[in-house]
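Fit chain B to the given chain A structure using the hints.
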Amino acid sequence: MAEPRACVECLRRSWLLADLGPYVERVATGEVGSRSPELLRLSNEDLVAVSAPKVAAQLLARVAALPEERLREELLLAGCWACCRHGDLYPDHLRDAADAPWALIGRGDPGLLDGLEPFDAVTIVGARRATSYGREIARELGRELAAAGMIVVSGLAFGIDGCAHRGALDAGRTIAVLGCGPDVAYPSSHRTLWRRICETGLVVSELPPGATPWRWTFPARNRIMAALAGMTVVVEAATRSGSLITTDLAADLGRDLGAVPGPVTSRASAGPNGLLASGAHLVRDAQDVLDAMLGPGNKPLAHAGPDLDPQLQAVLAAVEAGESTCDAVATATGLSGAAAAAALSRLELLGYLHCSNLGTYLRTLLSPPSCGAL
Amino acid sequence: MLATARTFTLDGIAARPVRVEVDVHKGLPNFTIVGLPDAAVREARERVRAALVNCGFEFPLRRIVVNLAPASLRKAGPAMDLAIAAALLSASDQLAWEELARVALVGELALDGSTRPVQGALAMAEAARESGAEAIVLPAENGPEAALVEGIDVIGVEGLGCLSGLVEGTWRPAPPEPLPLRREVGAGAPDLADLRGQPHLRHALEVAAAGGHSLLMIGPPGAGKSLAASRLPSILPPLAAGEALEVARIASACGRLDALPAGRPFRAPHHTISAVGLVGGGAQAIRPGEVTLAHRGVLFLDELGEFRRDALEALRAPLEGGEVSIVRAGGQRSLPCRFMLVAAANPCPCGRGETDPDCSCAPYDVKRYQGKLSGALADRIDLLAAVRQPSAAEIGGPPGEPSAAVRERVQAARERQELRLGSGRCNAEMTPAEARACRLSDEAASLLADLYARQRLSGRAHDRALRLAQTLADLAGAAEIGEEQMAQALQMRRRDRG
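Residue numbers (this note's numbering), protein chains in the order written: chain A, 1 to 374; chain B, 375 to 872.
Looking at chain A on its own, in the form it has when it is part of the complex (with noise of 0.2 Å):
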């Protein structure tokens, strides 16, 4: 395996980009021209003389001064290794872009990165403020990846972000990209996914241990995110989201894109329906992804659940027609509150339903043997 090594003039940049925080923050507009991915192509000077022309010099001594051993004693103290762009580890596919990570600080195992190919991760973006539908697709696509051995890429944010990580961890391996230091757990929330992922999965960010974000440093990560994986799966965004800028930088790159459908009428599945109508690859399911990336029938995905007798069919029905509460499901199929209770229950427990703590019911991306071909 390779080793994680990186030169001390890329570990100076990522300090760099710390100590700029603030002052990026307010030249970074967001206008073409000023968004942070593209002040991130610059030069250490220019981009100093860009954002903090006032205080350019003193920041490069500053930086140019910070001696090698104590750069790396504070990865070490952190838990951190790094890795740059003149390394092995460094996954060559992310030297496509122009505004290429000088340097990667990892925590959790850079295993994950060695002989790192696009077509061996999935990125999965979509909105903080997510629907229950959105975050159960988020979650069954990143479990069914994981389970069909891809890496699921994603940037640990509330909602489908941090429901993609958790089905991914639930079955095999996921790389979180953070726009703060991997050292923090951001949001402070999702600290105990932060941990299980440094644990089983990977945590990487271009910012040094310790670095806090700032709003810039998200579409900066956001661009790792795209870069690294073949494809950038959208599943649920309003018209104007952070996750449709990471499909234009996985657009620019020339990367697959990906998108869930929704209802026409959610506001939440906007972003995705627009991709969709500009030629976004439709993701029902995993096997959609798998099929996208590496050819139709590469890679089929088993995963038919268990027989259902007529009447379990019959609630299943139900709840795929809209029925999400159990006295909805009893009037629909003419059963007794107790009968649509169990049932209920034994098609949760088979697989083919998710239950919110609210007690309303969702269906999986399971398909009974039966109706194989929807």
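If you're looking for bench data, these hints aren't it; they were derived computationally from the structure.
Stretch-level coverage of chain A by chain B, calculated; a stretch enters the list once three of its residues show a Cβ under 8 Å from a Cβ in chain B:
{"no.": "1", "segment": "318 to 327"}
{"no.": "2", "segment": "354 to 366"}
Here's a subset of chain A near chain B, in silico, CB distances under 8 Å, partners left out:
{"no.": "3", "residue": "A338"}
{"no.": "4", "residue": "A341"}
{"no.": "5", "residue": "L344"}
Computed list of chain A residues with no C-beta within reach of chain B, every gap over 12 Å:
{"no.": "6", "residue": "W15"}
{"no.": "7", "residue": "E25"}
{"no.": "8", "residue": "R70"}
{"no.": "9", "residue": "F119"}
{"no.": "10", "residue": "A251"}
{"no.": "11", "residue": "A292"}
{"no.": "12", "residue": "P310"}
A virtual CB, placed ideally from N, CA and C, is assigned to each residue, including glycine.
Showing chain B alone in chain A's frame:
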């Protein structure tokens, strides 16, 4: 001269005996009350003075000292007026009452000498019997509730003037008729037939009533959550005789006996209630909270997510122990509170739910709101029912099964539980050891074990599923928990994780 009389002060819902000692002797005219009186007791001076004069007695212009013993107990309320007046009359030789020390006197005095009813007369009559008094003299309005206590003579008086006739033996009122305790809901009470359609909600109510399980209903506003909750008392079994007396004692102590509903109490406090209002307390005298008022009945918390977190936290211990313990500087008091908790909540702060495009709740707000539902009280809520807007066909449809029919099934299930667990107990109160001793069919056991092994259930959720399944089996009249009942229980349980 010295005279003593017996009376009581109300402390929570219990009556504490107080001995009134009145000493009248020479000196500058003065009237002092000692023995930790509160403001209402201290003002008895003015009421007693006016009442004596207006009833034709003489107010002695001498030095009067009233001591309320034991001196360490705080005395509150106006119920000691009558005893102070009687002891004062005796001490000033205006009333030659030899039995004064053997009867208990309770009552507030009006300025014209007539008596006004007091709170807690039922508890006071019981305490009078315990302390060995032969009779209790109290305002006529309190007569019926005091007459519920057997083994003591109840004498209802209209005013201070009646005492002379009583002492001379020329007047003795007829013993009052005991207050009728209505142990079952009346004919006009809200009926479950009003709940049309919504079969699952009906079933959840029935299971909650049958096993005494606490229930959380989640659904949009106007879906029928409050309607369902208010029908719950009508399907609960009637109060046992002893339980009805407990309920009456609490109502009496709160002065709400007139409003005592037929059957089990139903309390629905507003969500702005404080922790003290909910569990009881107070700086001076301890007042029972809503949990105690709901004793043997139903406590309904509508808009659970809007309640203050500290108020919900304070509910935990009462739910666990069946009584609330209040510690104040004056000491510790226990109030009974064995009630069924029913709560209702919206799916998100705006109530529309995430699937509605108009829902504008921020993810953090939704998270915090739902955290409240699953946070403070989570351990103690057994059943979860997702409620949805009834369809037009359901609203226009035929009325549902009436309460009486459901109550019969509930009562049969309760009888099975009492046979197994002992009198007065229900499945919701099963200890973990008792829950794990439930008899399961092989299929039911493997269903539960499978889920537990897949780590989809915590240990506590495992026991909760067993309790619910046992109630379902009791409702079905089955000797052991079958696979069908276990599957239902797993659906109906409150979820631990999302």
